[in-house]
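Chemist: Residue numbers (this note's numbering), protein chains in the order written: chain Z, 125 to 239; chain A, 383 to 627.
These are computed hints drawn from the structure, not numbers from a lab. Bear in mind the structure is a predicted one, so any value in this text is a computation, not a measurement. One should not assume that every hint holds.
[What the hints assert, rightly or not] Selected chain A positions facing chain Z (Cβ under 8 Å, derived; list incomplete):
#1 PHE446
#2 HIS470
#3 HIS492
#4 ALA557
#5 LEU561
#6 PHE562
#7 VAL563
#8 ALA584
[Unchecked claim] Calculated lysine-lysine pairs in the DSS-like style (CA-CA distance at most 27 Å, straight line):
#9 Z:LYS153 - A:LYS483
#10 A:LYS483 - Z:LYS156
#11 A:LYS483 - Z:LYS169
#12 Z:LYS169 - Z:LYS153
#13 Z:LYS156 - Z:LYS169
[To be verified] Some chain A residues judged to face chain Z by a derived CB distance under 10 Å, without partners named:
#14 ILE437
#15 ARG569
#16 ALA603
Note that the Cβ used here is the ideal one computed from N, Cα and C, for glycine as well.
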Amino acid sequence: MSLSLWIGMVIAALGTYLMRLLPLLWMQKRLKRSDPNGAVDALPKWLVILGPMMIAAVLGVSLVPRTPDIAGWLATIIGLGVTLVVWRRTRSLGWPVVAGVATFGAVVILARVVL
Amino acid sequence: MSDIGISRRPHGWLTGMREAIPLLGGYIPVAISFGLISAQAGFSTIETLAISTLIYAGASQFLFVGMIASGSPLWLTVAMTLLINVRHVVYAPNIAPWLPKSRWWPWLMHGLTDQVFALAHSRLPQLPEHQRVGWFLGAALLAWFSWIAGSLLGAVGGEWLTSRWPLLGEVMPFALPALFVVLIVPRFTSRRWAAALGVSIAIALLCTLTGLTNIGIPLAAACGALCFYLIRLPETIAPRKGGHP
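Taking the hints into account, I'd like the entire structure generated from these sequences.
Modeler: Below, the structure written as structure tokens:
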């Protein structure tokens, strides 16, 4: 990379970092002004709603399989189903993910053989 | 494996690392792809690592090397990279109420990616205050190092890896939707939330299918929030069974 390219990369990196940092400093200031016991209440309503919506959006983006063919979609649907069932039984983070990935892999391999 | 409800743990950072393990399934294969594409675009291994270490935002990194390789003006490349990352501005304020006072937070914000945010937003409120800095440090560092290590692997031996184990690169990324579904399901507490979250998931999925991945997250989240404000449905679906202790 040329010097100008390095500078461009550093600006992009710094800008990205500031977009992660500055809103935190703003919110911390806002929280400091509010009642220390009601920190969560000090959060603007739109932000309380936007948080889970962002997680839902990240889920939506990640749902598309790497190879979006019938086997990939079938594995995604069954894998999610198994993930949910294991979550209902265990209420944990790790086991549902392990079960989901194992099921996804098994269904992809089986479906490619059968279809 | 980590039980969501159990909060008494000796080391917050260890819990954070353990709970961030599912992220690796998504991070490493994508980072390998980035390393490979970056190398093919003419970036050296050191340059690839510098981009992954400093920018540390998946989609924008692909765009950065792609635009540079295709000869786009540098100012436009930087502007587009920043534009894609604008969505990050809503993450930190959302977790701020659960961050105890510490001088480490400004530094730790570098690790606040989409996935780390999703995990932190769900887990931080459940952890005791004294474990939260350690938990975030453990989770964010593991995710960051895995991204850097994956980029290195991709830059050095990406072609060999993808030809040797093509299925692994296809299966492991499913860890991400599996993790996110576990994080989001407990939020389906009323018809109103269910409808809004459903809209957000559906629009993000549609955007990705139509090649609009970069705008997908903010657009889908905005539509979901709009749906939440516009609709008025009965609040409760059914009494919650079990739930978190």
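Chemist: Tell me, which hint numbers fail for this structure?
Modeler: Violated: none.
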